[in-house]
Amino acid sequence: MDFVSYAWVIPALPLAAFIIILGVTRPLEMLARRRELAATGGHDPASAASAHGAPGDAHDTHASALTPAEHGAVHHDAGQPGAPGGPGGPEGAHDMDTLVGAHGRGGALEAPDAHAGGGHGEHGAATAPWAQAGSSVGIVAMLLAFLVALGILIQFLTTPSLQQHGAPEFNLYNWFSFGNLNYAITFHVDTLTAVMLVVVTSVSLLVHLYSVGYMAGDPGYSRFFIELALFTVSMLILVLGANFLVLFIGWELVGLSSYLLIGFWFDQAPPVDDVPYPPPAALKAFVTTRLGDFGFMIGILILFVTTGTFDFTKLNATATYTHVDQFTVTAAMILVFCGAVGKSAQFPLHVWLPDAMAGPTPVSALIHAATMVAAGVYLVARLFPLYHSVAGPQSLEVVGYVGGFTALFAATIALVQNDIKKVLAYSTISQLGYMFVGLAVGPTDGPGIFHLFTHAFFKALLFLGSGSVIHAIANQDMRKMGGLAKFMPVTAATFLIATFSISGFPGFSGFFSKDAIIGLAYDYGTTHGGNYTIYAFTIVTAFLTAFYMFRAYFMTFGGRSGSALGFWGGERAYRGETRPHGSPWVMWLPLAILAVPAAIAGLVWGGSFDNFVSGGIAPVTNVLAPFADGLTWVGIVVALGGIGLAWLMYGIEVVPATIFTGNPIGKGVYAVLAHKYYLDELYGLIIKYLVLGLASLVVLFDQYIIDGVVNGAASLVRGIGDASRRTESGGLQNYGAAIFGGALIIILLLFFAVGAIGR
Amino acid sequence: MVTLNAFVILGAILFCIGLFGALSKRNAVTILMSIEIMLNAVNITLVAYSSAFMGHTHGERLTGQVFAIFIITVAAAEAAVALAMIIAIYRRRSTIDVGEINLMRW
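Protein chains in written order, with numbering that gives the first Met the number 0: chain R, 0 to 758; chain H, 0 to 105.
Pulled out of the complex, with its shape left as it was, chain R reads as follows (with noise of 0.2 Å):
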C-alpha cells in the first residue's frame, strides 16, 4: 500500500482530535460536570478542593504525612471553611476549571525546597466520562497515525528511490501569488521526514496513553488532551513542511503550544521560593524563543531576497547560488541557526527550559525532550546542504562551538541539582548540543539525527519514569527519595536502560549516536589543525553526563541499604515520608515499551541509519565497527568512570560529596553551579535595565514625537479653521470690501495681461 500518499493524512488525525475533543467532548463534560453541581449544591468534593489561593495552608502540611488516597478528603476539609464564594456564585461566568481546580498542593510542603508534586491532579479522583471519551479519541488518532507513519518508514526503508530523491512534493493549498511566483502549503516526505515522522507520533501516542494516567482527576483533563492534539498538530507540520513557509507556520505553533502547556496549571498558587511557576515559566519560554525567532526570520528573509525561493529543495541546490555571495549565505545560515538556539535551547537562550518544567510531566516528556526542542536540529539537518556546502566553514563552526559549549555548560549544570525534573532539564539542553556538534563535525546529517532519534526515546522515557515517581510520591526532590526500585521496579528498570543508555554504556542506542558524534568531534579536530576542542566538550560532558545521571538514578531508585550493590535500593534507603505506590498500567506500559528502542535501537540501526537519512551517500558500517577503533575505548573508559563515581558517591555511599564541597573552592564552584552561573540573574537585569530603559526612551519618543505630530496636525487644522472663519463673518460690509477687492485683483490682473501696465 502507498502509505507515501497519505502522508498529509498524519497531521490531520490529530487535528480531528483536536476539533473533536474541543468542539464535542469537553463541551459535554462541562454541561455534565455544572448539572452536577447544579444538582448537589456545590458541595461535592471535587469542587469544595477549591484549595486555590492558599499557600502554605496548613492543611497542606499535614496533608504530606496521609496516604494518597487521604488527599482527597483533606482538600474537603480545608476547602469546606475557606471555599470563597462558593462555585455556584459570582464566578459562575469562570472556565469551570479554575472554579473546581485543587490543583493539589499534593503534600510535601514543609520543605522549602521541595518542589509540590505539582498537583498532578488529585489522587483517586476518577476522571470524568466525557473528558475519558475525549482522551480515547485523541489516543485512536495517534494510534492511526504512528501507524501511518510506521508505513512509510517502511516503505521508505524497502524502496531505494524513494530514498534518493524523497516521495513527490504533495501540494495542499495554493496561498498566495504575486504574477508567476506561487507560495503554496506543500508537503514534502524524504528520509528525514520519515524519521521524523515516527519519532513524533510515536512519542507522542505515548505520552497520550501515560497522560490518562498522569492526568486522572485534573479537572483540565480534556484542555491537557486538546493541547496535546494541538501540538501534535504543529510539530507534524512543521517536519512535513516543504517551504519555509510551512516549516515556520509549525514552528510558531508549537510555540504556542508550548506555552499552553507550560502555563497548564495556571491557577497554582504562588510559590514561596524559586520552584518553577507556570505562568512566568510559560512567558519566559515563549519570549526567549521569540528573541531566536528574529533573528531566524532576518535569515530566512536574506534567503529569499537573495534567492527568490523559500523551497528546501531549491535552497539546497548548489546550483541556486552562483551568482550569491557566499559571505551572505554564510550570514544568512547564522542567523537560521539563531532559531535553533532559540527552540532548541542553546546557550545563551537556554533559560527557558528548566524553567519550562513546571508544566505537567508528560508535557515535559513530549515537548521539552523528545519533540520540539528537537525542531531546531530538525531545521538545520534540513538545511544541512546548505551549511555543508554552500554557506562558509564559520557557520558550522558556529553550531558546533556553541552546541559543544552548551553541552558542558549545561552537564556542570545538572551536577548540582536536586530536582530530578532539573536534571532531566539540562540533560536535555546537554544532549542537544551533542545533536548539534554531531551535525557541525559530520560528513552528513545522519550522526545528528540519529542521536535526535534516540534521544527522544530515552529521554522521552527518563521524563515518564520520572512522572511515574513524582505521582507515586508527590514530590521532585531527589534528596527525599531513594530506594524507590522496591517500590516501582518497571518504572526503576526503565530508567535504568534509558540511564545506561544515556550514558553511553556499551551495547545501548545511546552509546552508538554519542559515539559516533565525539569519534568525528576527534576526526575534526584532526582535520583543522590539531583544534581539538569540540572533542574535549564532547568527551568532558560524557564523563558529566554518565556522573549525574547516574546521581539521580541512585539518589532515586538506589541507595546504600538496598540490594544488588545499591543499584535496587529497598525500604531502609527511602528518604521521604509519603508512602510510594505503583503506577497505573497506562503509565508503566509507555515506560516498557519505550524501553525497547531505548536499549536496542543502535544495534538494530546504528550501522545504516546514516546512510537511510543521507539518501544513500554515506555508507552503510558494521554495527559492531566502533569496537575496533581505539577512541571508542577512550569513551567507554570515561562513561564507566563517570558511572563508577556516582555509584561510589550515591550507589554505596562511601564517598561523601563533602570531598568536592568541603574546601572553600569547591564550596564557591558548587555555588555557582547551584545558581546557574547567575544567568537569570544577569539576564533580569539586563532587562530591567537595557530592555526596559530603553523602552521607557521609546515610549517619551513615542509620547512627544508622534503623539506631537499627530496632535500636532490637528491642532495645525483646527488653527486654520479658526483663522478662515473670520471670512465668514455675516457682516455685509466686510463681504462688499471682499467683493470690491477681489474685483480689483482681477482688473490689474487682466491690465497685466494684455500689457497696458508693467512690463
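Heads up, a few of these hints could be off.
What the hints assert, rightly or not - Each pair of labels, with its calculated beta carbon distance range:
hint : chain 1 : residue 1 : chain 2 : residue 2 : range
1    : H       : L102      : R       : S695      : 50 to 56 Å
2    : R       : F751      : H       : F52       : 53 to 59 Å
3    : R       : A742      : H       : V80       : 18 to 24 Å
4    : H       : I68       : R       : F751      : 29 to 35 Å
Stated by the list, open to error - Quick partial rundown of chain R residues pointing at chain H, CB under 8 Å, derived from the structure:
hint : residue
5    : T620
6    : E727
7    : S728
8    : G729
9    : G730
10   : L731
11   : G735
12   : A736
13   : F739
No lab work stands behind these hints, which were simulated from the structure alone.
All values reported here derive from a predicted model rather than from experimental measurement.
Ideal placement from N, C-alpha and C gives every residue a C-beta, glycine not left out.
Dock chain H against chain R, hints included.
What follows is chain H alone, placed relative to chain R:
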C-alpha cells in the same frame, strides 16, 4: 477748456467717495445713498467719454449717453427695491444698523 481727464477724475473721485460710504457707514439708508453716488459717478464717466468722441470722423457716438439713461433707470428701480427691503427689515428687527443685522454666531 475742460479736458476729458478732468471728467474721468471727477468720476473716479465720486466713485471712491461712494465706495467709502458703502463700506464704512452703518446706516442702511446711508449705504443706499452711497451706492447711488457710485452709480452716478459711473454715469459721469460714461457721458464724458461719449461727448469726448462726438464730431469725429466715425460719426457721433451716443453709446455712453444711452447707457447712462439705462443706468438711471436701473438705479431708480434698485433704490425702490432696496428701500422696500430696509422697511421690511426695520419692521422685523427695529434697526437698520447693518452691523446688527447678522445671524452668524461670532
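We went through each hint and held it up to the structure:
The beta-carbon spacing between H/L102 and R/S695, approximately 54 Å, falls within the hinted interval of 50 to 56 Å. Judged by the Cβ atoms, the range 53 to 59 Å given for R/F751 and H/F52 is violated: they are separated by roughly 27 Å. Hint check: R/A742 to H/V80, Cβ distance near 22 Å, so the stated range 18 to 24 Å holds. In this structure, H/I68 and R/F751 meet the distance hint of 29 to 35 Å, their C-beta atoms being roughly 34 Å apart.
Using the Cβ-Cβ criterion of 8 Å, the hint placing R/T620 at the interface with chain H is not satisfied: the shortest such distance is roughly 96 Å. For R/E727, the suggested interface contact is upheld, since its CB lies about 7 Å from the closest CB of chain H, less than 8 Å. The beta carbon of R/S728 is positioned within 8 Å of a beta carbon in chain H (closest approach about 6 Å), and the interface hint is therefore held. At about 3 Å, the closest approach between the beta carbon of R/G729 and any beta carbon in chain H falls short of 8 Å, and the interface hint on this residue holds.
Here the hint on R/G730 is kept, as its CB sits about 6 Å from the closest CB of chain H, short of 8 Å. Below 8 Å, beta-carbon pairs count as interface contacts, and R/L731 has one with chain H at about 5 Å; its hint therefore holds. The beta carbon of R/G735 is positioned within 8 Å of a beta carbon in chain H (closest approach about 5 Å), and the interface hint is therefore held. Because the beta carbon of R/A736 sits about 5 Å from the nearest beta carbon in chain H, less than 8 Å, this interface hint is met.
Interface hint status for R/F739: upheld, as the beta-carbon distance to the closest one in chain H is roughly 7 Å, under 8 Å.
Of the numbered hints stated above, those contradicted by the structure are hints 2, 5, listed in ascending order.
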